[in-house]
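Chain order of the listed sequences is A and B.
Residue 1 is where the first sequence starts when you use my numbering, and the numbers rise one by one after that.
Residue 1 is where the second sequence starts when you use my numbering, and the numbers rise one by one after that.
Take these hints with a grain of salt, some might be off.
As the list claims (entries may be wrong) - So the derived list for chain B, only partly shown, Cβ under 7 Å to chain A, looks like this: (1) Thr25; (2) Ser50; (3) Ile165; (4) Ser252; (5) Leu399; (6) Ala412.
These are computed hints drawn from the structure, not numbers from a lab.
Here a beta-carbon is modelled for each residue, glycine too, at the ideal position from N, C-alpha and C.
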Amino acid sequence: MQQKKDRMNDEVGPIQFGSGNGFSLPVLGQDTPTTPESPDPIAAGSRDAASSEVLAFQKSVEGKSGKQYWRSIDEWAGTPEFEAYVKREYPSQVEVIVDPFSRRRFLQLMGASLALAGFSSCAYQPKEELLPYVRQPEEIVAGKPLYFATAMPMSGGAAPLLVRSNEGRPTKIEGNPEHPATLGGTDIFSQASILGLYDPERSQAVTYTGEIHSWSSFIGEIRVALGVEKSNGGQGLRILTEPVISPTLGKQIMDLLKLYPNATWYQYESAASDGAFQAAQEVFGEPVRPIYHFEKADRILSLDADFLASHPKNLRYIKDYTKKRNPEAGNTPNRLYAVETTATATGGNSDHRIPMKPSEVEMFARGVAAAIGVGAAAEVPEAFSLMIEEVAKDLKAHRGSSLVIAGDEQPAAVHALAYAMNGALGNAGSTVVFTKPLEVNPVAQLNGLRELVADMQQRKVTTLIILGGNPVYAAPADLNFAGALESVQLRIYHGLYNDETSSYCHWHVPEAHYLETWSDTRAYDGTISIVQPLIAPLYQGKSKHEVLAAIIDQSDHTSYEIVRAYWKSQGALNTEASWRQAVHDGFLKESALPAGGLTAKQTSGLLTNVTPQQQPASNTFEVNFRLDPTIHDGQFANNGWLQELPKTMTKLTWDNAAFFSPRDARNLRLENSMGSSGGDFEVDVVELELAGRKIKAPAWILPGQPDGVVTLHLGYGRTRAGHVGTATGFNANLIRNTGTPWNATGLIVRSTAERYVMAQTQTHHSMEGWNLVHETTFDEYREHPDYIHEEEPPTPRDLSLFPNWPYNGYAWGLAIDLNSCVGCSACTVACQSENNIPVVGKEQVMMSREMHWIRIDRYFTGSGDNPNGSVFQPVPCMHCENAPCEVVCPVGATVHSAEGTNDMVYNRCVGTRYCSNNCPYKVRRFNFLLFNDWTSASLKLLRNPEVTVRSRGIMEKCTYCIQRIQNAKIESEKENRLVRDGEIVTACQSACPADAITFGNINDPNSKVAKLKASKRNYSLLDDLNTRPRTTYLSVLRNPNPALKPTKTENA
Amino acid sequence: MAEREPMMAEKVVPPIMEPGYTFATVTDKISSIVLTHKTPRGWYIGFGISFALFMMFLYAVSVLFVRGIGVWGVNIPVGWGFAIVNFVWWIGIGHAGTLISAILLLLKQDWRTSINRFAEAMTLFAVACAGVYPLLHLGRPWLAYWLFPYPNTMSVWPQFRSPLIWDVFAVSTYAIVSLMFWFVGLIPDLATLRDRATGRVQKVIYGLLAMGWRGSAKHWSRYETMYLLLAGLATPLVVSVHTVVSFDFAISILPGWHTTIFPPYFVAGAIYSGFAMVMTLAIPIRKFYHLEGFITMRHLQNMSKVMLAMGLVVAYGYGMEIFMGLLYSGNPHEHFQTVNRITGPYGIFYAALILCNILTPQLMWMRRTRNSVWALFVISIIVNIGMWLERFVIVVSSLSRDFLPSSWGMYAGTRYDWMTFVGSIGLFLTLLFLFLRFLPTISIFEVRAMLPAAAIKEKH
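Make the full structure from the sequences, and use the hints.
Laid out in structure tokens, this is it:
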């Protein structure tokens, strides 16, 4: 480790990690329970013994009548059983996770749940030692954070990031504003990945059948095994990875395949979009992929593409799409027709939401294509004929500036039709360009996986190396991947967690988090990013590069050396200066994949041959599988922030559900009944049967869900995710088939007598006729720009007998453009990270005690069963000038600052909760229990040192990131100037990919926020209460096709 | 006879005291309850149950202190729940005692004498029960003293604009005045007990408490002046305490809370529930200790008339709320809240409170009901339940659905909420049983003054 550190410092030079101090983590090292270098003798027990030990312990707890409470980790840990259990195996080895009781218990370790609430004393003082620097490292000033550029690898495109480092520990993810793929926005996954870094349940040691081994013994053993393989060219060797984007990793795998010419490399992930791959092969003859330019698109047809969902690959799309609709920016607004098979953010933000069954998408696409003049004439359902006609007319009227985008989940035919339509509309080269794929070696993933399973079943595979992913969990059920895996002689799994797959493998090598290792990756447009570590591996994690190096006999090479060596061999980064520049910037300039001058073949069979539709049996449903909006394919299942983040459309937390349309639910007599605790909903459980496989799932009634379609989200139902993620939701992979991975017909739904309780953060979806979100059309706005204030004149400011308080210096304010907000919730996670906001757990969300300082209210518009769309309203503290909370606090714990912010004095708060009662916006959050984890060592490293970690019994709320305001003021005072506009960026604002949030000084008429507030679209929420919020909103504008019935102007 | 009874009943007003008592028998009868060496078995049973409930209260409170306010059902948006409901309910119950002892004294309502002592005791105990809730409901109860204006090194005062601070003053003043009034009223009787006690311990304790009372004319003269002054002090408190309590709601901006009708409506409700509680307690006590001679049907009838009147005031309050919300204010949020209160998720509670507080007490218009001890007992309990429901509806229905539908949420008490509530009834009954056993339940000297033989004495 020391050797590696030194090397890093030598090589990196100007990147400035601080001379190794950034990597030394004495606190954590002491707390790591077992290390391979000093294996605890007791730890050698088998996993079975460990789990029986735990079961015994659980029994001892369960045997006692009633619910058992414990006040501290020490008390809990005081039982001899538990001590033995800790010594034996770190919790990651253990199968307690199937028990929801113990999972709940572990939430506390994650800073996530209620039972740590036992610390009744407010005077909890952690014991700390202060170690001064003997030699002050360069650039490290205690208390001053440093920022380093890196990128979070993700399939579909990496998230380029700037990561804040406080005294050597990464604490906050920010977007990289210079990166062309995002222009500074971030997504929920990268925001929450910082919690993943410090997850105490990540794998911590190399294990062989559950026993801890050292890295060197792994290398030794694997060399023996591979020596055997080498003798026949690796005929029995298989490698299974997730789709590889990293060029270095691709090169390493190619090197491996050279050493073992008969070995085979497969790639698979749940998100595999084989339809797009196949269509590209068919239409272009090579696996190209489209890049869309929404900034040039005036008319957009989305064929079930959720391109506004939170994902790194969508960040630029969100920015371009919303900017085009910003009337202040002077653009002509675009118009989005969104075909969708379940309610999504894209449909919610569209001008025309066109819900339909998955099987109808192709017909619809053929209809539009035929009207444009592509493909054969198609029969279209009567219900869509007007829509198809108008959409086609509208697209044709905008040749070269229209855009047809097909969803990843769509079959090849729809992709091919989209490519062909874009070609026919002259969009290719303007709004759509085609580039080479991101992946080093794109493949049809499910075909490959099928082949691999067949080989395994035929015992052709002797050694299987699984790099990343979690195929045992994520493979479609018809493959029986786990069963086939057991016939492989040597199974090696490299992954972040000790999960479902590791339990089926002999060797498990813990993976280093991306913030712990060097690597490289590409953003959605192909721009190269060097992944730079912010911290040395907290546990014994190894990067994929190191594992592969070990396999190809280069085990002494570090990740840094491997990545650097690869890029030395490439033209662009062969000099030290260019390498340093790329690492410093976080990306290699001008490295986006070039747009090829490709044209789609207009003669593909996909365009003319209508995919035969199986006539599904009556009374069956269509089903579509989707990636979960917050925990994705399950890889973030153990991330409390993402588990508790309300899903974009349903506002559910901690669970997935089978979505039914209101009408289907009535027919099936399914009910969602609101509970009595605040956020709990009791729902019916249904049994779903697809192709003979059955699962049980809670049925959720979702307005906007097309009739006859059941939507299931992947990623839940993990059995070995960790204490946070295990046994949340149900596993939809269990009825997923390789033939129809995304959309299938013939789903049989049976009701059961069971009921299930779900946790939802927003239980009402209509605005009760109150104008909480103002919405109109662009046309009406142009005609009556001041329509909001004509309808509702603003409350005069001179109602009081007292003169208004003069704000002479700064007057901070926030403007939120609801027309830009797509509801992605990145702001919520960013705020949680910046402000040390705890996770409370499902039970507490059910009691309506979630702690998010900024929430996204989602209201459906239009009629109840089938809304036209939805609006998203981020609600942070309003920082009212006449704040109702301030007058009712008996101890003056919430007070007004001279700059107009409403501040919480945590130390003064006694917890009457009167302020929250009197807050009309209900933005205040109360620590009903000790929600914050005060004890877990790794989570201490996570915290932002500039924000108080709140204890039990006090109120908290959005502060406008007061710590950032103060930092900027200190800087400006040092330079004897005023704070510049844009110098203070709140965490939510910085995370927002759509630039919907603007913060600044409203006393400065030239500031961006003041200009926004001067817009006619600007309004205060609940203005008639005369609270004078400093947070104001800009109204939503839609651009419906006048030829189609305008239905979007009024709120339900 | 049976036919003529209604006619007779209209004419014949039951006496304040059954005939046949003398100075000595009054003293004997009342003091014997306290001075007897044989504690009745019924007392043990009643006290045992009450004390067990009180222990449950202590358990629930211990859990609360150890784990935090989250063991209750309160949430965001419903930041106040059972604690505030119970606080208002108990404070309201206390009001009848003060009203009976102070206002009726000043109004020279002689009939009050046989019920004022335990009504005052009830006030004290109810205030004690009420007083714990504001403390318990704090997120950090160990810092409750920050609500008092005391000089401190932080140089921080409470925030005097907050109604919660007004509450602190109102309730603490009320508790102190009620205690003084009650204790001063006890002094002559304590002296009686001192003189009649046989045991050494009793003599010493009652002797200390009697503060050297000798019953001299000077004592009596000063005593009566003092008592009147205290009654004068206590009188405004009857109105002020619940007015201030109602400000906790009325000062806020919440629809359904922000109404000017709250102070009078709360005071009426308080007296209503207080009389109901006096009735609930008086009926079993007079039966158990055979005090029908002192607490006669006259008392029960008078109290039922007060309840009827107060019930109508409360009904007027409900009516005005609906009128304001639906017809007069024109405020969409008020309008919504009024409808929501009646038809929303807590509509069943509203219907129950109308049944308990408005419909059922109308039976008391009938003389036959007022003459039936059982009917009065049942009605008084129903009114007590109804008044608790009223506070629940006020606190919870407004909070659960306010301005932004996105933040609406339901509320339900957890088992710790219920244990604390039922346990505080245990605390109340425990104190009451101790009072019944160790102090004269009925004012001996005042009842003696009611005897015909005392008629020559000039009344104050």
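- Task: Please write out, lowest number first, the hints stated earlier that are contradicted by the structure.
- Result: The structure conflicts with hints 1, 2, although it agrees with all the remaining ones.
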